[in-house]
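Q: The chain contents come next:
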Amino acid sequence: DQQVKQNSPSLSVQEGRISILNCDYTNSMFDYFLWYKKYPAEGPTFLISISSIKDKNEDGRFTVFLNKSAKHLSLHIVPSQPGDSAVYFCAGYQGGKLIFGQGTELSVKP
Amino acid sequence: DSGVTQTPKHLITATGQRVTLRCSPRSGDLSVYWYQQSLDQGLQFLIQYYNGEERAKGNILERFSAQQFPDLHSELNLSSLELGDSALYFCASIPGTTPTGEQFFGPGTRLTVL
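Chains as they are written, first to last, in my numbering: chain R, 43 to 152; chain D, 3 to 116.
One thing to keep in mind: the hints can contain errors.
Cβ-Cβ distance ranges computed for the label pairs, FRET-style [to be verified]:
| hint | chain 1 | residue 1 | chain 2 | residue 2 | range |
| --- | --- | --- | --- | --- | --- |
| 1 | D | A16 | R | H118 | 44 to 50 Å |
| 2 | R | Q44 | D | R112 | 32 to 38 Å |
| 3 | D | K11 | R | G138 | 23 to 29 Å |
| 4 | R | K98 | D | Q43 | 26 to 32 Å |
| 5 | D | E77 | R | I95 | 26 to 32 Å |
| 6 | R | D97 | D | Q69 | 37 to 43 Å |
Just so you know, the hints here were simulated from the structure itself, not pulled from any lab data.
Note that the Cβ used here is the ideal one computed from N, Cα and C, for glycine as well.
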């Protein structure tokens, strides 16, 4: 049972445009949702999170939206930069555990 | 640099063998998590230790075991290795508990089983 799903393995956008990464979940008990970014040969690094009682959280170029009725969250990156090219994982947090999606590889082209 | 270190970076071994992966958490962090990332998969939670005690278990095989030592470093032992155990293994640490779920990850150990 995959509780967190990222259905797009890859996404390619032009520099300066918006990147939208999507994530669906099935577990309504998650307390927080997190986005992690991962570069090759490095571990995941925390990017942004959102409480399950919120519907939006913003940090600079990064905004996460949560739609609880649809059990869907998305990460918006505006404007996208070549340095944003990485694999992005969404994760649900509950009871001390992180449950990760499969990841989406974002490529930002100059 | 997250402050979490993992050794070795790469490990190549044969089926049936046993290996030990090591993780040193950030200074002061009491809790260590282990994850496995296989090809095209997300990170799968294996096990968590808190101050030397096992706290939670995920999808960890019986052939795998872990422990956390008094100096808080942790080791993940993988035995009777199979081809399918080839993966990236990450550890992560947090101070004790975290209400938001943020964990700090090491760079990982890439295990290749031939």
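Q: Does each hint fit the structure? Answer for all of them.
A: How the hints compare with the structure:
1. D:A16 - R:H118: 44 to 50 Å: holds, 46 Å
2. R:Q44 - D:R112: 32 to 38 Å: Check failed, 24 Å falls outside 32 to 38 Å.
3. D:K11 - R:G138: 23 to 29 Å: holds, 28 Å
4. R:K98 - D:Q43: 26 to 32 Å: holds, 29 Å
5. D:E77 - R:I95: 26 to 32 Å: violated, 38 Å
6. R:D97 - D:Q69: 37 to 43 Å: Check passed, 42 Å falls within 37 to 43 Å.
The structure shown violates the earlier hints numbered 2, 5.
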